[in-house]
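Trainee: Hints in hand, dock the two standalone chains.
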Amino acid sequence: MELGRRIASRLTEATFERVAAVGLANAERNQRVIRHSILELAEASLGEGNSAVVVAAGPSLHRRRSLERLKASAFTGTIVAVDGALGACLRHGVTPHVVVTVDPHAERIVRWFGDPMLVAPPRDDYFRRQEMDPAHAHDEIMANRVLIELVDRCGPGMKVAIATSAAPAVVDRCEKAGMTLYWWNPMYDDYDRPGSLSRRLHAMNGLPCLNGGGNVGTAAWVVTHAVLGKTRVGLLGMDFGYVPGTPYARTQYYPELRELLGDGFAEAFIHVENPFVSETWLTDPAYYWFRDVFLEMAGDAGCETFNCTEGGILFGANVPMAALETFVAGGGRP
Amino acid sequence: MTEFLKGNYELTVKIEEPADEAETSATEEFEKKALSRLGGSICFVRKKGFLWNGDTPEK
Numbered sequence: 000m001e002l003g004r005r006i007a008s009r010l011t012e013a014t015f016e017r018v019a020a021v022g023l024a025n026a027e028r029n030q031r032v033i034r035h036s037i038l039e040l041a042e043a044s045l046g047e048g049n050s051a052v053v054v055a056a057g058p059s060l061h062r063r064r065s066l067e068r069l070k071a072s073a074f075t076g077t078i079v080a081v082d083g084a085l086g087a088c089l090r091h092g093v094t095p096h097v098v099v100t101v102d103p104h105a106e107r108i109v110r111w112f113g114d115p116m117l118v119a120p121p122r123d124d125y126f127r128r129q130e131m132d133p134a135h136a137h138d139e140i141m142a143n144r145v146l147i148e149l150v151d152r153c154g155p156g157m158k159v160a161i162a163t164s165a166a167p168a169v170v171d172r173c174e175k176a177g178m179t180l181y182w183w184n185p186m187y188d189d190y191d192r193p194g195s196l197s198r199r200l201h202a203m204n205g206l207p208c209l210n211g212g213g214n215v216g217t218a219a220w221v222v223t224h225a226v227l228g229k230t231r232v233g234l235l236g237m238d239f240g241y242v243p244g245t246p247y248a249r250t251q252y253y254p255e256l257r258e259l260l261g262d263g264f265a266e267a268f269i270h271v272e273n274p275f276v277s278e279t280w281l282t283d284p285a286y287y288w289f290r291d292v293f294l295e296m297a298g299d300a301g302c303e304t305f306n307c308t309e310g311g312i313l314f315g316a317n318v319p320m321a322a323l324e325t326f327v328a329g330g331g332r333p
Numbered sequence: 000m001t002e003f004l005k006g007n008y009e010l011t012v013k014i015e016e017p018a019d020e021a022e023t024s025a026t027e028e029f030e031k032k033a034l035s036r037l038g039g040s041i042c043f044v045r046k047k048g049f050l051w052n053g054d055t056p057e058k
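Just so you know, the sequences run in chain order A and B. Just so it is clear: in the first sequence, position 146 is 145 by numbering that gives the first Met the number 0, and no numbers are missing. Just so it is clear: in the second sequence, position 25 is 24 by numbering that gives the first Met the number 0, and no numbers are missing.
With the rest of the complex left out, here is chain B (with noise of 0.2 Å):
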């Protein structure tokens, strides 16, 4: 939420977020970061061909 509501004041109290809205951030990062270690070596970009030459018509 925190990242589509933004003021244009300053608020004189500090608003905590919800305890299970950072947990979920957390487990999000951890899971991220899990993956990360799981994925391959190369990427794979669906529907873009084999080869890419800049201007060079792809094969």
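One chain only, chain A, in its complex shape (with noise of 0.2 Å):
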């Protein structure tokens, strides 16, 4: 087995690992906020029909013009988007019903709503050199400031299905900017087994547990379906890999591969041919542990999911691809 692949296929029990201690104190601290379960949202006014598009912020959402060919659409049913997706959805005049937010991270994740401590371009470079949005790489401070005003203003019209994982940073911000939030519980282990986190998560504060599959599209994808209903879906900018040609060091994880296998880093990225677009994408070993994973749970999906990305490495026997124009318009089936 290929290096990318091997450590890819450990990488259920390193997520465990990496969220599970800071996501359980982030739960605690949420505690005195949470008014709304997200088992709520079933019953909400979120768009016509059955149908939904899940934005994740994939390089094809540019690539693509995804959200420009979305709005020209006309599309009535569900739109619900990943945190790293808003900034471009407004930006582009489209308003989610719905924004999925889950990593426990500290300081990072609060900018996908517009950080108002930003003041200075920080030593951190990971919005410079992320794929998710280009918008921040560009100009960090002035991207930060439209952001603020877009989702102040759009705030109020937005729903945000927020995990207990999440920082108490983002708390804030989605409160100040008026959006209305409705938790869950990430499942962090078998809540069969004993002595579980996922129930004693839940014993503590009786929000539903969401299997999240490694990443926050996923969810998005676990929300519209398992929560909203919905039973034709889907998926713009749903990559899970690069644009042929991105360098090593523009990836995700690249600080991090090559700490762990120094100049041998590049034998961990795995290239995977696109049929639907004729090319070949990089991925690295998270990517791919989000891929197989998504397959995986597509088999028990009690909805149809359509890849309408038109890029990246997510596709297999229940996730066809199909361009987004087919899919608005009732079909995408092979």
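A couple of the hints might just be wrong.
[Said to hold, decoys possible] Okay, the calculated bits of chain B under chain A, using three or more residues with CB under 8 Å as the criterion:
(1) 7–15
(2) 33–39
[Stated by the list, open to error] If the Cβ cut is set under 8 Å, some of the chain B residues that face chain A in the computed set are:
(3) F49
(4) L50
(5) W51
(6) N52
(7) G53
Honestly, the hints are just simulated from the structure, not real lab data. Every residue gets a Cβ at the ideal spot worked out from N, C-alpha and C, and that includes glycine.
Mentor: Structure, rendered in structure tokens:
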């Protein structure tokens, strides 16, 4: 097995190590501000019919002009966006019905909502290096300022499906922007096992536990079909990979892979041929794990899922690829 | 090995663990730490459905 795939096979346990302690600490801090359960979203009026689009923040979102096309398509179903795609959505005049956020990182995630505390470019180069929202890579301070205004203006019309693992700074920002917060617990482990953290967390706050699949994009897809009950879901910007030709140094986990593998870091990257666009995409162990998990979960989902990303590495028997316009028109099955 | 064999008496000599075992342990610890930085932002729990709300049936 290739090195990248070997590493990917170990990321289920690694993710628990990464997020459990901080996620549970945040859950305790957030306890006092919890007002609504995510289950209340099932009763809310969020678009028409049984179709929904989940907007993730992969590079195809910009490359394929997916948001411009979504806006032009007059899609009337539900729009669910991940936090990292919120800025792009609002800049293109697309106001999501629901925004999903989960990552417990103390400083980074609040930037997706516009960080009022940011006055100078931080030492952390995450937003300059990442591929998710190019606006932040060009001029962090200006992009942040514009985003604050957009989120403040549109906030009252949006609902946030927020995990109890979210950092207090994110909670505070969303509340101050007038968004309504609907809470859920990340499922940390098997709730049937003795001493389960998921079970203890549920006992503490009474909120449902959601199996998130490793990343906020997959979690947004789970919210869309398992909570909102949508039976036909289209995915945008769900690449789980990097555009052909992307330098290794501009990938999400480059510093970590470099530290782990030294000069041999490039061996951890995986190349995947995408037959829909006839391109070979680059991916890393984390994104490859996200893909494997998504395909596994899609087999059990009570919805049809169509990947309208037009790029990336997410495709399989239960996740056919389709053009966005085909999905909106009601088609998509091969 | 030290995890499985425990005595009920004190030894008068100090027993050094083989160097390679100590090295393996350090390597495993480094890998565990490094891998945790590669993980995702939310866990995945295999074969446990999408939503669990305590005693109510899972979806």
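Trainee: For every hint, state whether the structure bears it out.
Mentor: Evaluated hints:
| no. | hint | verdict |
| --- | --- | --- |
| 1 | 7–15 | violated (count 0) |
| 2 | 33–39 | holds (count 7) |
| 3 | F49 | holds, 4 Å |
| 4 | L50 | holds, 5 Å |
| 5 | W51 | holds, 5 Å |
| 6 | N52 | holds, 4 Å |
| 7 | G53 | holds, 5 Å |
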